[in-house]
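For the sequence shown, the working numbering begins at 1 and goes up steadily by one.
Derived by calculation from the structure, the hints in this document are not laboratory data.
Keep in mind it's a predicted model, so treat the numbers as computed, not measured.
Heads up, the beta-carbon is just placed ideally off N, CA and C, and yes, glycines get one too.
Any given hint might turn out to be false.
[What the hints assert, rightly or not] Derived CB-CB ranges, DEER-like: (1) G125 - T191: 34 to 40 Å; (2) G366 - G125: 34 to 40 Å; (3) G366 - D472: 23 to 29 Å; (4) T425 - T395: 53 to 59 Å.
[As the list claims (entries may be wrong)] Here are the simulated DSS-like cross-link-like pairs (lysine-lysine), alpha carbons at most 25 Å apart as the crow flies: (5) K253 - K139; (6) K457 - K322; (7) K441 - K139; (8) K128 - K253; (9) K457 - K253; (10) K457 - K263; (11) K263 - K253; (12) K422 - K441; (13) K422 - K139.
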Amino acid sequence: MTLTWTDLITLDLGKLNEAVTEWKTAAEELAKLHGTVRDGLVKKSEAARWEGVNATVTREFVRSAAKEVGDLQREAKSIHAVLADAHAELTRIQKQAKTLAEEARQGDPTHDPEPDPGLLVSDGGGGKVRVESSICDAKGPNQRTQDMIRWYAETLAGLVSHAAEVDAAVTRSLRATHGADPHNAGHAEYTSLDQDQLPRAMKLAALGGDVKPAQQAELRRLWQSLSPDARAQLWTAHRDDLLAAGLFNPSVKQVAPDRGSGKHGAQETEWNDWVTRTKMQGLVVLADGGGLNDASRHMKHYLDNTGTPMELPVDKMLTDNKGFQGHVDQVFLQDHETGWREQALAEYERSGGRPVAIPVETRNEGYYFGEEADSNWYYAVGGAQSNVTGVVTVTPGADGKPVVGLDYQVNVWDRYNWDQDKGVTIGKFEIPDGEPAQQHKVGLAQEFNMAGSSSVKHYELGDGAAVPAPDDPGRAGERSDPGRHARDGGGEIDR
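Start from the sequences, fold in the hints, and give me the full structure.
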C-alpha cells in the first residue's frame, strides 16, 4: 500500500514509541538472563564431574539454551535499535510536514509589494500532495503564487516519500533480523537503520552526474536520514560523485519575488509594442558593446521569448561585485561558523571520535545590486535571492585534535521580469516605465527563471583563516567567451 499525505500527518507515533520502550526493556531483561545462564548454568555444567550419555546430552542442551538466549537478546537489541531510529526519523518528518502545511495555510500577509495568499493542502492520492490557492481568481494564481504552490507540493510529497522509504527500510531490517525460521533467533544484527540505508546511498551516489531526478531526490533524502558517522563514510567515498549528483542543490523556496507582468500573450499586439521591441533590441547591442554583458544577455533572452531558464554565473557575480561577496561572507558564513562548528563537534564527541558529516543550509536572503556600484548586475538581475548549502565534516587531526571543515557553495536565483512601473535608461537610451513589461503581456518577450551555483569551496572553521575567494570566472559572459551564445540558446545578438 502506498503511503499517503493523510497517512503521514495522522500517523500515531505514540504507539511506535511504546514499541521502542518495550523492546528496550526486552533487550535489557534478556541481557540479564543471558548473563545468568552464561555465568551460572553453563559454567556449572562445564565444571561438573560427570560422564556418560546423559552428561553429554545435558551439557549440549545447556550450551544450546545459552546460545539461544544470547541470540534472542541480540535480536531484541537489533529490533530496538531499528525501531528507535525509525521513531526519531518519522517524528522529524511528520513535524516538518505539519509545520510546512500550517505555513502554507497562513500565507505571508507581510510580503511586499502584496501579501502571499494562504494555500490549501490536501491528499492528492498515490503519495502526491495537492496544493491550491485559497483565493479564487478568474485569471488564475500569479507567478509567485504558482511557484509557491509548486514548491509546497513537491516538498510535502518528498516528505511523504521519505516516510515511505523509512518504513520500507524498517521492514527490510526487521525481516533480516528475525530471519525465516520462527524457532531460531539471532540472524542479521543491526545497530541502526544505517546498515540498510548506507549501501543504497552508496549505490546511488556512484551514479554521479548520471543520476536521474527520482534517484537524485532519493539520494538527498538518504543523505538526511543517515547518522553523522555513516554520512561521513558516504562523503569520504563519493564526495565528487555526490556533488555531481546535485547534493548541494538548495531546498529552500526558490520563487518569483512578485506577481510578475501577468499572463504571457494575454493582450493584443499594437504598433508601439513593435517600436519598443526594436528599441530593446538596440539596447541589447548597446549594453553588450558597453561592457554590460550580463545585462545584455538577459535582456536578449527575454526578447527571445522562449521562457526557458537561464544559468547564472555565480562565481562571476561574486568576483564582479565585492559587496555581494561580502554579503555572502558575513551573513552566510561568518554568522553561522560558530554554531555549525559546535554542532559538528558535539556529533563528533557522540560518535566516539569517528569522522562525522553534518549537512548545512542557510535560509534565503535577498541582495540588491545597486546601479551606481554595479550597473551590469543591476540591469541583469536587480535584486536576487541567495543562500549557502554545504557539509561540515570533523575528522581526527594528526595531533589528535579534531579538524572541522566546511565544503560549501553559494546559490543564487531570481526571476527576470519587469515591474509595471519600471523602465530602463542606459546613457541617453531610454525606454519608458511599463513598456518592457508590456512586451511579456503581448507575447513579444517572456519572463524566465534564473538560477546558478558557485564552485564548491573548502573552509576550515575556527582556525581564523580568511574565507576563500571565488574561482576565477575567466571570460564567462564576456564578448570573448566562446560558450556564451550556446548558453543563450545558440542565437546571436540582434544587430
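Going through the hints against the structure:
no. : hint                    : verdict
1   : G125 - T191: 34 to 40 Å : holds, 37 Å
2   : G366 - G125: 34 to 40 Å : holds, 37 Å
3   : G366 - D472: 23 to 29 Å : holds, 27 Å
4   : T425 - T395: 53 to 59 Å : holds, 54 Å
5   : K253 - K139             : holds, 24 Å
6   : K457 - K322             : holds, 17 Å
7   : K441 - K139             : holds, 13 Å
8   : K128 - K253             : holds, 19 Å
9   : K457 - K253             : holds, 23 Å
10  : K457 - K263             : violated, 40 Å
11  : K263 - K253             : holds, 22 Å
12  : K422 - K441             : holds, 14 Å
13  : K422 - K139             : holds, 23 Å
This entry does not satisfy hint 10, going by the numbered hints stated previously; all others are met.
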